[in-house]
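K.L.:
The chain contents come next:
Protein chains: 2
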Amino acid sequence: MDIFEILNNRARDLEPLITGYLKEGRPENLMDAVRHYPMAGGKRMRPVVAMVVADAVGGKGKDAAPFGAALELVHNFTLVHDDLMDNDDTRRGLPAVHVKWDMPTAVLAGDALFAKAFEVLAELEVSDDKLRRLLKLTAQSVWILAEGQQLDTNYENNPNITVEDYLTMVEKKTSVLFAAAAAGGAIIGGANEKQVCDLYDYANMLGIAFQLWDDVIGLTGDESITGKPVGSDIRNGKRTAIVIKALSKGGRGHPKYDELLNVLGNQDASDEEVRRAIDILRELGGVSYATELAERYVKSAKEKLSSLPDSKHKEFLVALADFAVARSY
Amino acid sequence: MDIFEILNNRARDLEPLITGYLKEGRPENLMDAVRHYPMAGGKRMRPVVAMVVADAVGGKGKDAAPFGAALELVHNFTLVHDDLMDNDDTRRGLPAVHVKWDMPTAVLAGDALFAKAFEVLAELEVSDDKLRRLLKLTAQSVWILAEGQQLDTNYENNPNITVEDYLTMVEKKTSVLFAAAAAGGAIIGGANEKQVCDLYDYANMLGIAFQLWDDVIGLTGDESITGKPVGSDIRNGKRTAIVIKALSKGGRGHPKYDELLNVLGNQDASDEEVRRAIDILRELGGVSYATELAERYVKSAKEKLSSLPDSKHKEFLVALADFAVARSY
Chain V
21 MDIFEILNNR
31 ARDLEPLITG
41 YLKEGRPENL
51 MDAVRHYPMA
61 GGKRMRPVVA
71 MVVADAVGGK
81 GKDAAPFGAA
91 LELVHNFTLV
101 HDDLMDNDDT
111 RRGLPAVHVK
121 WDMPTAVLAG
131 DALFAKAFEV
141 LAELEVSDDK
151 LRRLLKLTAQ
161 SVWILAEGQQ
171 LDTNYENNPN
181 ITVEDYLTMV
191 EKKTSVLFAA
201 AAAGGAIIGG
211 ANEKQVCDLY
221 DYANMLGIAF
231 QLWDDVIGLT
241 GDESITGKPV
251 GSDIRNGKRT
261 AIVIKALSKG
271 GRGHPKYDEL
281 LNVLGNQDAS
291 DEEVRRAIDI
301 LRELGGVSYA
311 TELAERYVKS
321 AKEKLSSLPD
331 SKHKEFLVAL
341 ADFAVARSY
Chain R
21 MDIFEILNNR
31 ARDLEPLITG
41 YLKEGRPENL
51 MDAVRHYPMA
61 GGKRMRPVVA
71 MVVADAVGGK
81 GKDAAPFGAA
91 LELVHNFTLV
101 HDDLMDNDDT
111 RRGLPAVHVK
121 WDMPTAVLAG
131 DALFAKAFEV
141 LAELEVSDDK
151 LRRLLKLTAQ
161 SVWILAEGQQ
171 LDTNYENNPN
181 ITVEDYLTMV
191 EKKTSVLFAA
201 AAAGGAIIGG
211 ANEKQVCDLY
221 DYANMLGIAF
231 QLWDDVIGLT
241 GDESITGKPV
251 GSDIRNGKRT
261 AIVIKALSKG
271 GRGHPKYDEL
281 LNVLGNQDAS
291 DEEVRRAIDI
301 LRELGGVSYA
311 TELAERYVKS
321 AKEKLSSLPD
331 SKHKEFLVAL
341 ADFAVARSY
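Taken in sequence, the protein lines are chains V and R.
First residue of the first sequence? That's 21 in the working numbering, and the numbers climb one at a time after it.
First residue of the second sequence? That's 21 in the working numbering, and the numbers climb one at a time after it.
Misleading hints may appear alongside valid ones.
Which copy is meant is left open, so a pair is good if it fits within one copy or across any two.
Unchecked claim - List of simulated lysine-lysine pairs, DSSO-like, C-alpha gap at most 27 Å:
1) K248 / K120
2) K150 / K258
3) K63 / K276
4) K156 / K82
5) K269 / K63
6) K214 / K269
7) K80 / K156
Hint data in this document are derived by calculation from the structure and do not stem from the laboratory.
Put together the whole structure using the sequences plus the hints.
P.N.:
This is the structure we're talking about:
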């Protein structure tokens, strides 16, 4: 199964919808900033998941497209605000909104995208009962996203974070919108309650696996393919599962432990020091631990699909889970 | 009629609702920031308007309380973000969120308040038809608020702004949530379509009158009563109706025109220079123009109440309009 062909085809169907929602508004400088990320592409993973799931439970994928597009607007709103908060300067090969414009414009453009998402939800052509569920799901997801972003900030350079803490943060910051996409797509497609819960869990675990694997290829991948400087997480002092596990294996007093700690969170660390830190993370078993953990999440995620009838849509969801830990970017 | 007694009584009924919505969440540092403005009081004007209007159209005021509280959360979210964007350091006698914490926490606390508002809306105990209308009204209002904030920024120190431009900005930035409160209260209370529109217009004009009068007392009021440094709008270069009108009366070449321009937007202007600028704004008719304009809006706003049956609730709405241009703070 070529999941890219499916991803690309579905994403192409979504473009006019997303463009349409962001067509009208003023003043023009705000609208340019509002459109900056959504119009710069992206894989549209959340709406695609919503649509495929709606198909997979026996409904019509296109009925889930507006809901999925609303989640894509929410996703883009969080990217604009997160890049500002994290001081990340580029996104999708473009300058970040707060860089191309300024802080106030980034705050406002994010707020406007958020507002538009709820306007789209208010006009969904679904039954009233479904509308209420989708609304609550989305609003609660945004609340959880904020919790996750705050935890991520609190955890930076904090030596007491456990792998469990880290996974909770990833669930809140990354998985929750995938889970909302899958559960929402299931609700729209007319799934039974067990299927809705199973699909929520599937996408939640898929999100965790994606993030764990992102952490791995961020250290071991090819910068020209990942698009992210190798070891940037190390310079930023991110306490990923890899780092937490390695530090717990090393233990205080272990010579490599101190060497690792000296580089973690050191923005001025040399490339050589970062390379050495990555070697230590491998040697102490952090990389293999995160890889195996990601693979376990993929396995569990796929098991959650057993309540779905066989179809090409189910096959796509299986393939997407496998892709989470097979990709080099 | 003692409008303060009514405002205070209604506001007291709202407190447990607002407190309840903000009770749960984590981590604690985010929750402290989320609660900072909503728990610091405020007049709760928007929810009070929604509740009184619901009563005034023959419904039950308390049925509009959760919707009103959702708008209060939206209002507080915009205050957190606006203070950050405008670099205002205090609010309700407290340090602003971005001052007490930092920029990222202010962005996130605002986002979380916004998300909570829509969670409250998703759970409103109103008919499905009303729910959709309230949702759309609120989401569109937030979009318009963002437009208004951007226009406000764009208009600073811009010499080409007309009174019409200014009023459009005020409608978007200030009136829109009052209008949503009144229209929403009317929908919940079971008003007919003409009443919903009339009440929207009433609150829209009320909001404009409030802002015009704020501009006036910001120049002519007593700092110890208004709580705002006299002439801060002048140092910030705000092109209020007062300034626009005075400049159009003065005209280029007029000696006072140039004197005024030298102080407008000059953060380092002395108190004496600001006092002199205020005198010029008076002499050129700017202050009386804005006062009369505010009074005209109040008159038109009250006329919009003619489709309501007589009641003490209608009397409150009349008194609130009169208060807009009678207050000294």
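K.L.:
Take the hints in turn and mark each one as holding or not.
P.N.:
Going through the hints against the structure:
1. K248 / K120: Within one copy only: 20 Å inside a chain, 34 Å across chains, cut-off 27 Å.
2. K150 / K258: Cα proximity of K150 and K258: none, with 39 Å in one copy and 46 Å across.
3. K63 / K276: neither (39 Å within a copy, 59 Å between copies)
4. K156 / K82: both (21 Å within a copy, 22 Å between copies)
5. K269 / K63: Answer is neither: 37 Å inside a copy and 56 Å across each miss the 27 Å cutoff.
6. K214 / K269: Result: close neither inside a copy nor across copies, 40 Å intra and 71 Å inter.
7. K80 / K156: both (22 Å within a copy, 25 Å between copies)
In terms of the numbered hints stated before, the structure departs from hints 2, 3, 5, 6, listed from lowest to highest.
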